[in-house]
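Novice: Just so you know, the protein sequences line up as chains A and B, in that order. Numbering follows the numbering used here, with no gaps: position 210 of the first sequence is 210. Numbering follows the numbering used here, with no gaps: position 156 of the second sequence is 1156.
Think of the hints as simulated: they come from the structure by calculation, not from any bench. A couple of the hints might just be wrong.
Think about it this way: if two alpha-carbon atoms lie no more than 30 angstroms apart in a straight line, the pair counts; the simulated DSSO-like pairs of lysine-lysine are [what the hints assert, rightly or not]:
#, chain 1, residue 1, chain 2, residue 2
1, B, Lys-1469, B, Lys-1486
2, A, Lys-52, B, Lys-1486
3, A, Lys-55, B, Lys-1687
Stretches of chain B that chain A covers, calculated by requiring three or more beta carbons in the stretch to come under 8 angstroms of a beta carbon on chain A [stated by the list, open to error]:
#, stretch
4, 1225-1232
5, 1295-1306
6, 1750-1757
Here are some chain B residues the structure puts well away from chain A; computed CB gaps all over 12 angstroms [what the hints assert, rightly or not]:
#, residue
7, Thr-1326
8, Met-1371
9, Lys-1421
10, Thr-1565
11, Ile-1567
12, Asn-1587
13, Lys-1629
14, Glu-1735
15, Phe-1760
16, Tyr-1768
Since this is a predicted model, take the numbers as computed values, not measurements. The beta-carbon is built from N, C-alpha and C at its ideal position, and this holds for glycine as well.
The residues making up each chain are set out below.
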Amino acid sequence: MRNSIVFMVSLLVLIPLLNACKKVIKLELNTATPQIVIEGNIYDQPGPYVVKIFKSVNFDQSSIYPPVTGATVIIRDSSGHSDQLTENQPGSYLTSMTTGMPGESYSLSVTTTDGQSYTANSTMPDPVSIGKIYFQNSLIGHNIYPGITFADPANISNYYRLVLFLNNVRQPDMNVTDDRLSEGKTITYLIRLRDTDIKLITGDLVAIWLESVDKGVYEYFRTAGREGGQSASPANPTSNISNGALGYFNACSVRSLSSKVP
Amino acid sequence: MNRRTGVFALFFLVLVLPVFAQQRLTISGQIKDAVTGEDLIGAVLSIKDLPTKSIGTNTYGFYSVTLPEGSYEITAQYTGYKPQVQQIKLDRSLKLNFSLTEQPRELDEVVVYGRRKDENVTKTRMGLQKLNTREIKNIPVLFGEKDVLKTIQLLPGIQAAGEGRSGFNVRGGSADQNLILLDEAIVYNASHLMGFFSVFNSDAIKDISVYKGNEPAEYGGRLSSVLDIKMNDGNDKKFSLSGGIGLISSRLLFEGPIVKGRGSFIISARRTYADLFLKASKDTSINQARLYFYDLNAKANYRINDMNRIYLSGYFGKDVLGFGNTFGINWGNSTGTLRWNHLFSERLFSNTSLIFSNYDYQININSGVKMNIISRIRDYTVKQDFQYFGGTNNSLKFGFSESYHQIIPGAITAITNVSLKSLTNKYALEHALYISHLYSFTEKFSLEYGLRFGLFNLMGPGNFYTYNKAGDITNTATMGSGDFVKSYFNPEPRFTLNHILNQQNSLKGSYARNVQNLHLLSNSTSGNPTDLWIPSSNNVKPEISDQVSFGYYRNFNENKYEFSTEIYYKSLQNQIDYKNGAELNFNENVESQILFGKGRAYGLELFLKKKSGRLNGWISYTLSRTERKFDEINKGAYFPARQDRLHDIAIVGIYDLSKRWTLSATWVYYTGNAVTFPSGKYEIDGKTMFYYKDRNANRMPAYHRLDIGATWIRKKTAKFESGWTFSLYNAYGHENPYMITFQDNKTDPTRTEAVQTTLFKFVPSFTYNFKF
């Protein structure tokens, strides 16, 4: 619902752009010292899981991000079990844990070779199943958008993240919603494709993951999805990792459903 | 009352008392247009034997002057009108009305622009810009829709908010720090269609004054400026129909007498019709779209007798945007003002106003969920103003106002599948008491000083939360209906001193404090109709500004040229910014998303205007800095506000080519806005993310643009007039960036690029105008 309002408001803003002309320009942008980026997920589905650690680069550099190697990465659960991750590729650390448990709190601790340490906590909520996938014509641009409906569990605050796969390719859009405005009701969420070059056609395979995430992860993806030209004050997403690291640590339960575009 | 205000009050009494000690004879009356009967605001009377004295009419065209017994030659004059001279023998108080006729446009003659030729030098007020609709008429604008808000942006210290926009910033203030009044009623959202048009139909407007922060004590409520717009009263001599047909919109105006010479009415309407073209499209994603606005201005006045006159005026406007049955949004203002002018004596003028003001929007969604959202801000105000005319060197204004504000942040109806609750409504009272005195000590010095007391009460019912720095609720107070949640009392002293060096030169200095208790939450680059107004509360303190300014004014070449320069320094308290990722939409705890800080703005303004001859116009230049400071942003250091602009230049030229043709051109140049561009990049789940370091550390490219226009009077007789206006916006097609976005290169995903979006290159337009 709120998603619809935000969409409408952004549509208002976009109206003047319908006839606008665009061109690539050269800008002298500021540089920054490389920042550490940590990205970790734990699911209630069979593992192992990966924690990726790398560094940011300047805007005009190639988008190849230097891995952070040799870090000590540990994930603990609330009963004190600890799992030291092993680096299977540079900057990519694997758990030995097999399956995450809903209700469990996990803490991530990363210590890099230069002695900096970063921590994060995430609690895995109970899974929520997808009711159905539906398709709807877009209002502008002749496209088909996929959406899902699902029943929000009553009496608790729920936060969701949706991940879209088109013909088995994971799409980079960030879609999150909460139940603040639809507590205990059926939630309808339409995924509006940001990339106007992607058009769905009959027969395309659409798979959607519904991740039940905790508030910190929701805040991360909500603020990350905000990034764009219309905010008067673009800023980094609100991370749930300490010590100024970029990225997130997400323990979530996930349910998925797939369907062909009719 | 603190010590400072006590001293002020004493000072006041000392200067005011002599006013009442004088016993002389009074001349009073109205100055009007001889043809239409419109009151002339700010027309000037000058008295031959007292060359340094001039008396202006007030906003109702009324004047009063008290003189010793004797014989006088009195001249009434007004912009572009023939002066009128009367010889009088003053042996008792008398009524003296003037009816001025418009100066015919003879090219060889000198047309006087400017009320009194040297008003710029002799008037005490500073930081004031005045325009009348004659000056607006010829200036080319986007889509050919002449627009007061776009025209004032060409004056020093007043910045355009962005490409083609009617929004403006005054001396570093934000958009919500402008008090915009239409016949005394507050207009909360002065723009149509995402800001490309203002809500003010220039057909219906008589007079515009912009006060840049040092307004007289009768105004209050916003930090940066007052834009005071007065609507036309209507022709009280004969009926008249006029209008215009343009590419984007059409206008129609009907006016006439209610009772000849005693009362008149005016109705003016405007509608855009872009949606009719959309309907013609075969494309279903376009022909179901609705997109238009309309507005209606109406006013009536009636003179009951010489002592009493009433006015009723109203504005109603709406923007409609939607798509089939799936969704719709509409928003608009409505205002209403009922006024009663009463003369207690020929020296004491009174005006009583009942004012209604409303801004609302409605959203309908019927896609997956079905719901309506309504949001509204509504004011009811009673205002009483007195004006006491002393001798030739004294005048006193005092009065009060009482306002009741009612804010519905978001109310939900007709819901399926949503458990949305309406947000708590907000209620507030705003009281103001003011007094202001204009006093000429000597022929060389005059002082206008005043004091405004403002009291603001936020009232229940509802739950009122207190938040800590992290935004968590630390306390909840449940208040009943009418309970006072929080009150703020603020005295606002203001004064301006004018030192007239001689008839051509003067120096002025001023100080003013302004207080603002209603704040607009807006975190987008362009502003949205859904931006929310919130009152001061236990979390949100009143915004306060203190401005000091100095100016030098000079007229030369027999007042043909007018030059002024002002410097100002402004300090701002309790300014508002937003936390990263702030959720301002439909949030009961929206006050937890706000940051509070301070600001400063300073600058130099230069203005040179040529007021007469075939070529007239002006050059305006502003050199300025605007900064803000928040603990949570840029490590608590001062940073440039978005509207910080080092240079802002406007050149306006209007040339009378012949009796039928008038040519015009404007050129503007300004430093790009302060913006936040990425300092680095990284990747999350396969998506390129940008890393941001310091707020507003980057600049948009400088903006510049030339517009040209022409007005052609095709036919002009006593019965019928018609003509065309042509304009070309951005005549040399410079690609000014509307926004700059960052994205992956489509062909080489390892590269990222900056993309500039330009809105308007070469926008031609033409309008056919007629008048019966």
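Novice: Run every hint past the structure and note whether it holds.
Specialist: Hint by hint, here is what the structure shows:
1. Only pairs whose Cα atoms come within 30 angstroms are accepted, and B/Lys-1469 paired with B/Lys-1486 is accepted, the gap being roughly 20 angstroms.
2. About 51 angstroms separates the Cα atoms of A/Lys-52 and B/Lys-1486, which puts this hinted pair outside 30 angstroms; it is violated.
3. With a CA separation close to 15 angstroms, the supplied pair A/Lys-55 and B/Lys-1687 stays within the 30 angstroms bound.
4. Proximity of the stretch 1225-1232 of chain B to chain A, defined as three or more residues with a beta carbon under 8 angstroms from a beta carbon of that chain, is not established by the 0 residues found.
5. Against chain A, the stretch 1295-1306 of chain B contributes 0 residues with a C-beta closer than 8 angstroms to a partner C-beta. That does not satisfy the three-residue criterion, and the hint is violated.
6. With 8 residues having a beta carbon nearer than 8 angstroms to a beta carbon of chain A, the stretch 1750-1757 of chain B meets the requirement of three or more and the stated coverage holds.
7. With 12 angstroms as the threshold on Cβ separation, the claim that B/Thr-1326 sits away from chain A is violated: the shortest Cβ distance comes to roughly 7 angstroms.
8. Chain A draws B/Met-1371 into its interface by the beta-carbon criterion, the shortest separation being 7 angstroms against a cut-off of 12 angstroms.
9. Once the 12 angstroms rule is applied to beta carbons, B/Lys-1421 is inconsistent with being away from chain A; the minimum gap is 8 angstroms.
10. Every beta carbon of chain A lies more than 12 angstroms from that of B/Thr-1565, the smallest distance being close to 32 angstroms; the non-interface claim holds.
11. B/Ile-1567, annotated as away from the interface, keeps every beta carbon of chain A farther than 12 angstroms; the closest lies near 28 angstroms.
12. Under the 12 angstroms C-beta cut-off, the non-interface status given to B/Asn-1587 relative to chain A is violated; the minimum distance is some 9 angstroms.
13. No beta-carbon of chain A is positioned within 12 angstroms of the beta-carbon of B/Lys-1629; the least distance is around 15 angstroms.
14. Remark: the non-interface label on B/Glu-1735 conflicts with the geometry, its nearest Cβ contact in chain A lying 7 angstroms away (cut-off 12 angstroms).
15. Remark: the non-interface label on B/Phe-1760 conflicts with the geometry, its nearest Cβ contact in chain A lying 9 angstroms away (cut-off 12 angstroms).
16. The beta carbon of B/Tyr-1768 sits about 24 angstroms from the closest Cβ of chain A, which is more than 12 angstroms, so the claim that it is off the interface holds.
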